[in-house]
Amino acid sequence: MRDFLAGTILPAFDNSRLRKLMDASHLPGGIAFTTDSYVVDPIVFPGGDIGRLAVNGTVNDLVVSGAVPRFLSLGLIIEEGLDWDVLKRILVSIKKAAKAAGVQIVTGDTKVVNQGQGDKIYINTAGIGKVIARPRPARIRPGDKIIVTGTLGEHSLAILTARGDFGLEAKTKSDCAPLTFLLPFWKKGVLWMRDITRGGLATILSELAAESRYPLLIEEAQFPLSRSVRAAADLLGIDPLYLACEGRAVLVVPGNKAGDILQKIKKNPLGRRAAVIGVAEKKIGRPGELILRTSAGGLRLLEPLTSELLPRIC
Amino acid sequence: MSRQDRFRDKKVIRALLRKIAEKKKSLPSPCRIMEVCGTHTMTIHRFGLHPMLADIGVDMVSGPGCPVCITPGEVHEAAIRLVTEKKNLVLATFGDMTRVPTRLGSLQKTTPARGSIIKIIYSPEESLEFARRSRETEVVFFGVGFETTIPSIAVMARSAAGEKLGNYSILSALWLIPPPLRAILTSGEVRISGFLYPGHVSAIIGEKPYEFIAREFGYPGVIAGFEPADILLGILSILDQLAEGKPAVANEYARVVRREGNPVALTLMKKMFEPKDACWRGLGVIPRSGLKLRAEYGAYDAERKYGLRVESSGADLPGCRCGEILRGVLPPPKCPLFGKTCTPESPQGPCMVSFEGACLVHFKYRGIRN
Numbered sequence: 001m002r003d004f005l006a007g008t009i010l011p012a013f014d015n016s017r018l019r020k021l022m023d024a025s026h027l028p029g030g031i032a033f034t035t036d037s038y039v040v041d042p043i044v045f046p047g048g049d050i051g052r053l054a055v056n057g058t059v060n061d062l063v064v065s066g067a068v069p070r071f072l073s074l075g076l077i078i079e080e081g082l083d084w085d086v087l088k089r090i091l092v093s094i095k096k097a098a099k100a101a102g103v104q105i106v107t108g109d110t111k112v113v114n115q116g117q118g119d120k121i122y123i124n125t126a127g128i129g130k131v132i133a134r135p136r137p138a139r140i141r142p143g144d145k146i147i148v149t150g151t152l153g154e155h156s157l158a159i160l161t162a163r164g165d166f167g168l169e170a171k172t173k174s175d176c177a178p179l180t181f182l183l184p185f186w187k188k189g190v191l192w193m194r195d196i197t198r199g200g201l202a203t204i205l206s207e208l209a210a211e212s213r214y215p216l217l218i219e220e221a222q223f224p225l226s227r228s229v230r231a232a233a234d235l236l237g238i239d240p241l242y243l244a245c246e247g248r249a250v251l252v253v254p255g256n257k258a259g260d261i262l263q264k265i266k267k268n269p270l271g272r273r274a275a276v277i278g279v280a281e282k283k284i285g286r287p288g289e290l291i292l293r294t295s296a297g298g299l300r301l302l303e304p305l306t307s308e309l310l311p312r313i314c
Numbered sequence: 001m002s003r004q005d006r007f008r009d010k011k012v013i014r015a016l017l018r019k020i021a022e023k024k025k026s027l028p029s030p031c032r033i034m035e036v037c038g039t040h041t042m043t044i045h046r047f048g049l050h051p052m053l054a055d056i057g058v059d060m061v062s063g064p065g066c067p068v069c070i071t072p073g074e075v076h077e078a079a080i081r082l083v084t085e086k087k088n089l090v091l092a093t094f095g096d097m098t099r100v101p102t103r104l105g106s107l108q109k110t111t112p113a114r115g116s117i118i119k120i121i122y123s124p125e126e127s128l129e130f131a132r133r134s135r136e137t138e139v140v141f142f143g144v145g146f147e148t149t150i151p152s153i154a155v156m157a158r159s160a161a162g163e164k165l166g167n168y169s170i171l172s173a174l175w176l177i178p179p180p181l182r183a184i185l186t187s188g189e190v191r192i193s194g195f196l197y198p199g200h201v202s203a204i205i206g207e208k209p210y211e212f213i214a215r216e217f218g219y220p221g222v223i224a225g226f227e228p229a230d231i232l233l234g235i236l237s238i239l240d241q242l243a244e245g246k247p248a249v250a251n252e253y254a255r256v257v258r259r260e261g262n263p264v265a266l267t268l269m270k271k272m273f274e275p276k277d278a279c280w281r282g283l284g285v286i287p288r289s290g291l292k293l294r295a296e297y298g299a300y301d302a303e304r305k306y307g308l309r310v311e312s313s314g315a316d317l318p319g320c321r322c323g324e325i326l327r328g329v330l331p332p333p334k335c336p337l338f339g340k341t342c343t344p345e346s347p348q349g350p351c352m353v354s355f356e357g358a359c360l361v362h363f364k365y366r367g368i369r370n
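Sequence lines, in order, name chains A and B. Under my numbering, think of the first position of the first sequence as 1, with each following residue one higher. Under my numbering, think of the first position of the second sequence as 1, with each following residue one higher.
Chain B extracted, bound-state conformation (with noise of 0.2 Å):
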């Protein structure tokens, strides 16, 4: 049996839960964890845990983890605007963020300007390629994500920077995971027990970033890995701090995760990004939350280039709420829309877009009770 196996093995996911549930036992209320991770949503659903977890009293609530999810409409209204508006030119982007819904439709419904197409992308570096490709053609690349993908979007600008692409830019919607959880701790809008802290996100940035979680605020977290083992193993870590009164960071994906995170990729970020306060879908205007690039590389700032405008109220349309789905205070199915009018076919929000979206999984892998 390969590693990968044994972390998704039932024996093994049985024992463990067991020893949840013990644990549970001697804690007085009931236990509810915020995974900030889609992609920890995608693997709690994906693998049936959800219902596991709810059977001995331990509920999983996602949080603002879907970078697709989190970015406002304005920002995509903008992409829009720029390939309807400006000729000859490509946007180049991944396949979800074409299908989020907006005032003005979706990327993936609009009509480019004359010459300007979307090209939908697996990874950064096939926007830059094209860039250097076609050097009469204007390449935008709208590029979106947390700390686990910033760093080669940094890449891109400092590659484009060095070759002086003209033609490159990039219209960024980038997201810091640690600020949006303080601004929901904050608002106390929402009953934590404690969180599961994205590994991705951790291998970038370390553990020390989500100290203040422990210190000011009193509540457990564990970073933790994508495997069914490793979500049970945090949950598990979560509950013996729950027990002890100790709260602190704990980090049950060392295999992945070193305590001060990757020094190369935070350095190559910090010189090519500066913090901004950002607007994210539903939780409004976090101070220092997202990043832009800084002003000596302004010329491949897509935002600057084009004299885009970006007012974000970080809003929903009317009748979508993934607003209150992103701050884990509706869980997807007890929206009204959910799997009548918004389905994967026609989504009326960016949760059920994305694929590591918390409408979207709950709709995919509906857990059922033994």
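So here's chain A without its partners, still in its complex pose (with noise of 0.2 Å):
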């Protein structure tokens, strides 16, 4: 995808912020500013729907870009035919998500498509925040750590079990929510920020060792997961390192501060999950690499996912 990005899209429009390819752009006068689409199937899963997810995806890209999420616009695509009081229960659910994060929605547009033209409903929201710190990978050095914030994956496996594909019955949730608990720590020393989305914690973790001048180290040992999430990577042989989640993030912190700000995120209750998972090294591996070291005590590298996991899974 990002390959996509930079060599297909990127080259069409190219300027410097774009140039960037962060989850949010900085604007002069202290604006962060992003978008982003979702087309998830199926369009109300455990633990959330479309409306939920398409304000909390938009309200997490400005949270770990360093702002504090304000306002929002609301694009809906709707399908000829999509049940009345479906669409009712996602613009609730809106409404609710948005309020949770302290969000305004500001302005909007509806469009309906002809049926077969679309999948029920699309949603486009683009979001403006105010910048109050500016993320800081150069500054990582080795001994700082690498913290995340729940556990990992349970967006994908929601999505999947609610799908029926695999005939799998799992009792996960989506964990779809909100950052904005943890925008007081940019100003306690974070360096950087990202939502684990899309190709999970192992994509994210690969994107900043790429740019980092020290390689990275996580422990498998450390990974919060869930019961359900275990099982399903036992069974399935999925790796929760390359799912995604919808509510989770995963920052470096100066290694002094780890331990004060580690408490201080488990103290929020979609945090309590949050554990010290690597570090940036100096004895292990090259710059560049991310690098697993497993529950058994081996040593391996990690790539950016690849192929494609799951479609549609936002």
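For the record, the hints were derived by calculation from the structure and aren't laboratory data. Predicted model, so just to flag it, every value in this text is computed and none were measured. Even glycine gets a Cβ: it sits at the ideal position worked out from N, Cα and C. Honestly, I wouldn't trust all of these hints.
Non-contacting residues of chain A with respect to chain B, defined by C-beta distances greater than 10 Å in every case (computed) [said to hold, decoys possible]:
#	residue
1	Thr8
2	Gln117
3	Asp119
4	Glu207
5	Leu270
6	Ala275
7	Arg300
8	Glu303
Computed cross-link-like contacts, EDC-like style, restricted to lysine to aspartate or glutamate with a CA-CA straight-line distance of at most 20 Å [what the hints assert, rightly or not]:
#	chain 1	residue 1	chain 2	residue 2
9	B	Lys305	B	Glu163
10	B	Lys23	B	Glu244
11	A	Lys283	B	Glu311
12	B	Lys364	A	Asp109
13	B	Lys340	A	Glu303
14	B	Lys364	A	Asp234
15	B	Lys364	A	Glu289
16	B	Lys364	A	Asp3
17	B	Lys11	A	Glu219
18	B	Lys364	A	Glu207
19	B	Lys10	A	Asp3
20	B	Lys364	A	Glu303
21	A	Lys282	A	Asp234
22	A	Lys145	A	Glu211
23	A	Lys120	A	Asp109
24	B	Lys340	A	Asp36
25	B	Lys364	A	Asp239
26	B	Lys10	A	Glu219
The task is to assemble the complex, starting from two chains supplied on their own in separate frames and drawing on the hints.
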């Protein structure tokens, strides 16, 4: 996906802001701006629906870019014949999610397409936020710690089971949630933050490692995993490292502040299972590498996700 | 800590590695162990055991343990011909099978004949269920597997026959594990110190079918499970056998594998299938190494039903060296195509397609030394 963006989309509009491929662009006047489209299938799933996802996804892109989310636009593309009650449910979800994240929906658009020309409903949201910090990945030094804010992969598993693929039945709910509770940590020295969406932790950290001056090492034994994700991973051979979340983030923080930041994240219900899972290295590996120490103690390199694990996950 | 966690625990693994290193010192020559099962290959690489074992002088070599990989190109081509030439047919198969490149391209890139489709399934049962629901459509299950999967495919054939599902048939590529091991040993092409026998296959066939390897060829072997500690316990057992000069078939997976295997599954296999000489990718024709439906179930054998001709050579596509990889002669990273023109996105051979294929496993899980 990143290759496609860099090779095909970027050259068409190339400019210094877009080139950074950040979750949100920082604009003059301390404004952060982002957009995202949501095509998840099914539109209603355990733990959320496309409406909740469309608000939180965009809100989270602003949070991890160092901005306080303020305003959203809402674009609805509705397939003719969508169940009225489902639409109403989605609108209520959007309202609730916006309230929870402290954002206002200030502009919007609705289009209806003929049956078969869309799939029930697609949503686009754009978001504007107030910049409070600038991510500084170049400042990452050996000994800095990598923290994840909660269990991995529940959103992917919830979608998978809701689709009935594999004949799986699991009670997993999507982790879809706003990450606004992480905003205060920008002031406490966080160097870098990303929400763990498409491609999962391994893809997102691979991208960070590629830009870093030091290799990153993560420890399998430290990953917070729910029982159902663990079981599904063993049963189906899916790697939770490549599963998407919609309400979890990964942070890099200075080594000497990691303990304090972790304790404070854990106090929030959404960060209850946060954990230090890795470190910027000096002795093991080479710059650019993301290394996994497996639960058995072996070391191997991690690569970004190459083939699509699950289409239409968000 | 759950039992599974203990089988993966760093401390347990470190202790076992120490024991292996200790034992290895008493043995003169380098130690090369062939893991016969693709799932073993996965565990060894996914948990980063490969470089840790190499550090203490134990080299792991992947064998012919991936059914998608050892199925020769001609069988895949027969499936492609069937679905492109025959109208209104459903070819049901596992996802991996649709991506194997052949001289005719891959199933995935094929345009089926009018009204025909390729349906990706997760279990054989889905293909049968589909045939039950749409009686007017011809459903062909393209099934591939070792002794682990064969019983479930046998159940499909039995059910189809019992229910007289005239629209259902099986294009099968069913493989037996012991014969290629004999072929590998007879050829003498690859130096091995012992075998890690597949746990799941052994759960069906038991210990006996491997005994000839110790008796006739003098090689140690062990049936092992799939957790990191299982594999290391297996390796330790092989080193013990080497040290004592007493090759045998040890069973370190007794929590699943019984000496006699699974008699119910074996009886069913025997009832539905008969052995045939089969052609393996890279290994050529091996006597009595495959299975076909018995004549009385011929109506459910897609090869007979549609008069498919499958004349296999076992050869690879030009440039591809999967055959050598499956014989354990060539380590995947040594293949000139590996990671260059052959990647998971554009595989040039089946070993880069299957999630148990040695090339894909090596590509995905690149171990590094500490």
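Here is what the structure says about each hint:
Taking the minimum C-beta to C-beta distance to chain B, about 16 Å, the non-interface status of Thr8/A holds against the 10 Å cut. Distance check on Gln117/A: its Cβ is at least 23 Å (rounded) from any Cβ of chain B, clearing the 10 Å threshold; non-interface status holds. Its beta-carbon lying about 20 Å from the closest one in chain B, Asp119/A satisfies the requirement of being farther than 10 Å from that chain. The claim that Glu207/A lies off the interface holds: its Cβ sits roughly 18 Å from the closest Cβ of chain B, which is beyond the 10 Å cut-off.
For Leu270/A, the condition that its CB be more than 10 Å from all CB atoms of chain B holds, with the nearest at approximately 26 Å. Chain B leaves Ala275/A outside its interface by the beta-carbon criterion, the shortest separation being 16 Å against a cut-off of 10 Å. Distance to chain B contradicts Arg300/A as a non-interface residue, since its nearest Cβ pair spans about 5 Å, not more than 10 Å. Non-interface status of Glu303/A relative to chain B is broken: a Cβ of that chain comes within 10 Å, the nearest being about 7 Å off.
Taking the CA atoms of Lys305/B and Glu163/B, the gap is near 18 Å; set against the 20 Å cutoff, the hint holds. Between Lys23/B and Glu244/B, the direct Cα distance comes to roughly 11 Å. Compliance with the 20 Å bound is thereby established for this hinted pair. Simply put, Lys283/A and Glu311/B have alpha-carbon atoms about 55 Å apart, too far for the 20 Å limit, and the pair is violated. Note on Lys364/B and Asp109/A: the hinted pairing is violated, with a Cα-Cα distance of about 44 Å set against a maximum of 20 Å.
For the given pair, Lys340/B sits about 15 Å from Glu303/A by alpha-carbon distance, which is consistent with the 20 Å threshold. For a cut-off of 20 Å, the pair hint linking Lys364/B to Asp234/A stands: about 17 Å separates their Cα positions. Distance restraint check for Lys364/B and Glu289/A: the Cα-Cα separation of roughly 14 Å lies within the 20 Å cut-off, and the hinted pair is therefore satisfied. Of the supplied pair hints, the one linking Lys364/B and Asp3/A holds, its CA atoms being roughly 18 Å apart against a limit of 20 Å.
With a CA separation close to 14 Å, the supplied pair Lys11/B and Glu219/A stays within the 20 Å bound. About 17 Å separates the Cα atoms of Lys364/B and Glu207/A, which keeps this hinted pair within 20 Å; it holds. At most 20 Å may separate the alpha-carbon atoms for a hinted pair to count; Lys10/B and Asp3/A exceed this at roughly 36 Å. Note on Lys364/B and Glu303/A: the hinted pairing holds, with a Cα-Cα distance of about 7 Å set against a maximum of 20 Å.
A C-alpha spacing of about 32 Å is found between Lys282/A and Asp234/A, which places the hinted pair above 20 Å, so the restraint is violated. At roughly 16 Å between alpha-carbon atoms, Lys145/A and Glu211/A fall within 20 Å of each other, so this suggested pair holds. For the suggested pair Lys120/A and Asp109/A, the alpha carbons sit about 16 Å apart, so the restraint of at most 20 Å is met. A hinted pair counts as satisfied when its Cα atoms are at most 20 Å apart, and Lys340/B with Asp36/A does not qualify at roughly 34 Å.
Restraint check for Lys364/B and Asp239/A: satisfied, since their Cα atoms lie roughly 11 Å apart, inside the 20 Å limit. Restraint check: the Cα-Cα separation between Lys10/B and Glu219/A comes to about 11 Å, which is no more than 20 Å; the hinted pair holds.
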